[in-house]
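Number of protein chains: 2
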Amino acid sequence: MILCDIGNSFLHFYYHGKVWRESKDNLSVKDSKEIIIFISVNEELTKTLLYSHASCFDLTPFLSLDTNYKGLGVDRIAACKAIKDGVIVDAGSAITIDVMQQGIHLGGYILPGIAQYKKVLGLIPILDCEMNLGVSVDTFPQNTRDAVSFGMLKSILLMIENTSKSKKIYFTGGDGKFLSRFFVNCIYDELLVFKGMQKVITEEITSKGIVL
Amino acid sequence: MILCDIGNSFLHFYYHGKVWRESKDNLSVKDSKEIIIFISVNEELTKTLLYSHASCFDLTPFLSLDTNYKGLGVDRIAACKAIKDGVIVDAGSAITIDVMQQGIHLGGYILPGIAQYKKVLGLIPILDCEMNLGVSVDTFPQNTRDAVSFGMLKSILLMIENTSKSKKIYFTGGDGKFLSRFFVNCIYDELLVFKGMQKVITEEITSKGIVL
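Just so you know, the sequences run in chain order A and B. Each residue of the first sequence is one higher than the one before, counting from 1 in our numbering. Each residue of the second sequence is one higher than the one before, counting from 1 in our numbering.
These are computed hints drawn from the structure, not numbers from a lab. A hint or two may mislead.
The list cannot tell twin chains apart, which means a pair is met if one copy fits it or any two copies do.
Unchecked claim - Mimicking DSBU-like on lysine-lysine, the simulated pairs with C-alpha atoms at most 30 Å apart in a straight line are:
#1 LYS47 / LYS119
#2 LYS118 / LYS165
#3 LYS167 / LYS84
#4 LYS30 / LYS168
#5 LYS119 / LYS70
#6 LYS70 / LYS195
#7 LYS24 / LYS119
#8 LYS118 / LYS177
#9 LYS177 / LYS119
#10 LYS118 / LYS24
#11 LYS33 / LYS47
#12 LYS47 / LYS199
#13 LYS70 / LYS18
#14 LYS33 / LYS84
#15 LYS208 / LYS195
Here the structure is a predicted model, which means the values were calculated and not measured.
Generate coordinates for the entire structure from the input sequences, incorporating the hints supplied.
Right, dumping it as structure tokens:
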């Protein structure tokens, strides 16, 4: 069994304790005896997976979450399923922040991802500069590159801080490790979405004797 | 004398107590007896002004500010010249935030403007939605549109709050009035840049007997 989380930019795989990502234009051939259990937020990328592998299974119908949020992405649901209490920060193309309390999803919000931020500011020629991810967030910037980097980085950090307060923070996604460095009561877990998927597979499928 | 502040999107004018903005493709004819004193952060838009009016004067060389910041835009310098103490938030195509203390500029930073935010998120199809500027910033969002709007609005508010603390906030620019509603110790002054320009004209030009 191979797990696959299809995002907006990449397909993320989990198999035998290993995680890796692939682009849609360059999908590797997988062991044909293995089933790929997937979730997806992107139809185009899903098609490339379905064309590349005979045995695929969409886990989406089995994912449910106690929430009032309408239209929560399946990747966010899967990550939420992996924890009972805390704040989940999935820092990829976009940064999604979700709050869980006693197994209930209280809501969440979305910020531009670090790479997206650069694109948006690049629309104004004089602000089209490389981000300085080493910028100090404790002193006022003294040049344009730092001013832009500080605005991007500090606004993300303040939002996470304001949301988490004393709650534990679970970072995941490509920029999750970087962001986790700024917090104490947190962990970085690149497997969070896969752990949620695994939990759903155990609770909703294999424990009920359903054969995939 | 007509004052003109040339931004990245529009030319902003001040004349006889009135302010208005014009686009570069549709510049109105001004009284040829009046000199236009301008500052600019955009060369292309500057050219359209110079072609449209015979008597123009660039105030830039007369603008100076006590600061360590390298490459501070002339519009930001002009706004800073207008106050001695406080935080200036100029919310236009980009949002610039500058801190003044006893006439000294301590530094500043840059956030994407509200309209820019929408463009950046529009790069991800499922996030391509109209902002809800009426979103609550005190409860967790429960749908995608609110999640994106909350992320944009609350991150701007937290940054301004974190910077200003007990300092007075001076809002200016197109979205300045909207943002000022969220704060108590603040004013909205659409004339801030022009007041700074006027101060420089008085102190550096007319008081020295220079004839324009």
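Outcome of the hint check:
1. In the homo-oligomer, the alpha carbons of LYS47 and LYS119 lie at most 30 Å apart both inside one protomer (27 Å) and across protomers (27 Å), since each shortest distance falls under that limit.
2. With identical chains, the CA atoms of LYS118 and LYS165 are at most 30 Å apart both within one copy (28 Å) and between copies (28 Å).
3. Within a single copy, LYS167 and LYS84 get their C-alpha atoms as close as 11 Å, which meets the 30 Å cut-off; across copies the closest is 40 Å, which misses it.
4. With identical chains, the CA atoms of LYS30 and LYS168 are never at most 30 Å apart, being 37 Å at best within one copy and 61 Å at best between copies.
5. Proximity of LYS119 to LYS70 under the C-alpha cut-off of 30 Å is found in both arrangements, the shortest distances being 28 Å within a copy and 23 Å between copies.
6. With identical chains, the CA atoms of LYS70 and LYS195 are at most 30 Å apart within one copy only, with a shortest distance of 23 Å there and 48 Å across copies.
7. Taking CA atoms no more than 30 Å apart as the test, LYS24 paired with LYS119 passes in both settings, with 22 Å inside one copy and 25 Å between copies.
8. When the C-alpha separation of LYS118 and LYS177 is checked against a cutoff of 30 Å, the pair qualifies both within a copy, at 19 Å, and between copies, at 27 Å.
9. Taking identical chains as interchangeable, the C-alpha atoms of LYS177 and LYS119 lie at most 30 Å apart whether they share a chain (22 Å) or sit on different chains (27 Å).
10. When the C-alpha separation of LYS118 and LYS24 is checked against a cutoff of 30 Å, the pair qualifies both within a copy, at 23 Å, and between copies, at 26 Å.
11. Proximity of LYS33 and LYS47 under a CA criterion of 30 Å is satisfied intra-copy only: 20 Å inside one chain copy versus 67 Å between copies.
12. When the C-alpha separation of LYS47 and LYS199 is checked against a cutoff of 30 Å, the pair qualifies only within one copy, where the shortest distance is 25 Å, while the shortest distance between copies is 63 Å.
13. Taking identical chains as interchangeable, the C-alpha atoms of LYS70 and LYS18 are never at most 30 Å apart, the minima being 33 Å within one chain and 46 Å between chains.
14. Taking the shortest Cα distances, LYS33 and LYS84 never come within 30 Å of each other, neither inside one copy (34 Å) nor across copies (72 Å).
15. Proximity of LYS208 to LYS195 under the C-alpha cut-off of 30 Å is restricted to the intra-copy arrangement: shortest distance 19 Å within a copy versus 73 Å between copies.
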